[in-house]
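Undergrad: When we follow full-length UniProt numbering, the leftmost residue of the sequence shown carries the number 1, and every step to the right adds one.
These are computed hints drawn from the structure, not numbers from a lab.
Watch out, some of these pointers could steer you wrong.
[Unchecked claim] Derived pair list, reagent style DSS-like, types lysine-lysine, alpha-carbon separation capped at 25 Å: (1) K235 with K264; (2) K235 with K170; (3) K215 with K264; (4) K282 with K215.
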Amino acid sequence: MAVEKDPTLAPLAEQHLKQRQQQPAAAAAGTATSMLGPSLASLPNSSKPPWLRQRAPQGEKYGQLFEQMRELKLATVCEEAQCPNIGECWNGDMATATIMLLGDTCTRGCRFCAVNTARTPPPADPMEPRNTAEAVASWGVGYVVLTSVDRDDMPDGGAAHFAETVRELKRRKPSILVECLTPDFSGDLDAVRLLASSGLDVFAHNVETVERLQKRVRDPRAGYMQTLSVLRAAKEAGVYTKSSIMLGLGETEDEIIDTMLDLKDCGVDIFTLGQYLQPTPKHLPVVEMVPPEQFEYWRRYGEEEVGFRYVASGPMVRSSYKAGEFFLEAMIHSDRDAAAAAAAQR
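Full structure from sequences and hints, please.
TA: Given below as structure tokens:
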């Protein structure tokens, strides 16, 4: 799709395919079922690859954050989506959590997601923007991620509630950088623009998977083109934009490349890739476990060939990930310092 819009991208795709074709073919027996990683059939039963093993969450900071979330009646995507990095992000000197706004129940039923679903979730808590701002301001962090469930039951999809949370947080701590990982607001671009102009710094919205697998992976109300239109509208509002895909759902290399190019065509600055993990037996099965070396390949390809400002890529990477947040915080401050210096010289 991106190549059709911009023919100058065609040599990039052709160069990639030639490089891959020149690599020696794997032996027929025991090889991977695709170019991305080993077949799950080749893995020992009831065991994960060593690169996916994580310690159970624990520690003093973890306990403090857990209690604070309960006291303020706040939900986190870390818990609701069963994020494997919760132990890392909720501990240490710069412990942080990704707050999930608008409750813990989503109106959609994507086949990869462990968040609770219902047609009519409880009403949004009017105190949530203030409680969220108070909690985050007390953490002493310079960068925070706010996300939300889909709320198709609300006229604006919850965009105004989301925007008010950003404004409350910026009032309490103007220096903090705020990333909003958003739903698609049913393609309502006025809602997208409302949130993008609320004072946030990074507007993130995930395409989740390649175009061919959208209907299998996401709720029917979501869609590839709708996601691209949301990201394009957010970029036009003048903010950094970010998107993410999961690997291991049966995508091909060509499809990953096309997705990268389509996102770059929409002006996306930051791109992340992580391993899909089946949260329960009722969710989509994992087609393949992608090894760390392949994730590193996609990181280099995204930055060096496609031209994203930053790519976070690894089996345990998620769209809101503390290690990536540190880099983005430094990148944004550097950009703004450079802009201020240039303005001072005029």
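Undergrad: If a hint holds in the structure, say so; if it does not, say that too.
TA: Right, here's what the structure says about each hint:
Distance check on the hinted pair: K235 and K264 sit about 11 Å apart at the alpha-carbon level, within 25 Å; holds. Using a Cα cut-off of 25 Å, the hinted pair K235 and K170 holds, with the two alpha carbons roughly 21 Å apart. Taken as a hint, the K215 and K264 pair is honoured in the structure, with Cα atoms around 22 Å apart against an allowance of 25 Å. For the given pair, K282 sits about 17 Å from K215 by alpha-carbon distance, which is consistent with the 25 Å threshold.
The structure fails none of the hints (numbered hints given earlier).
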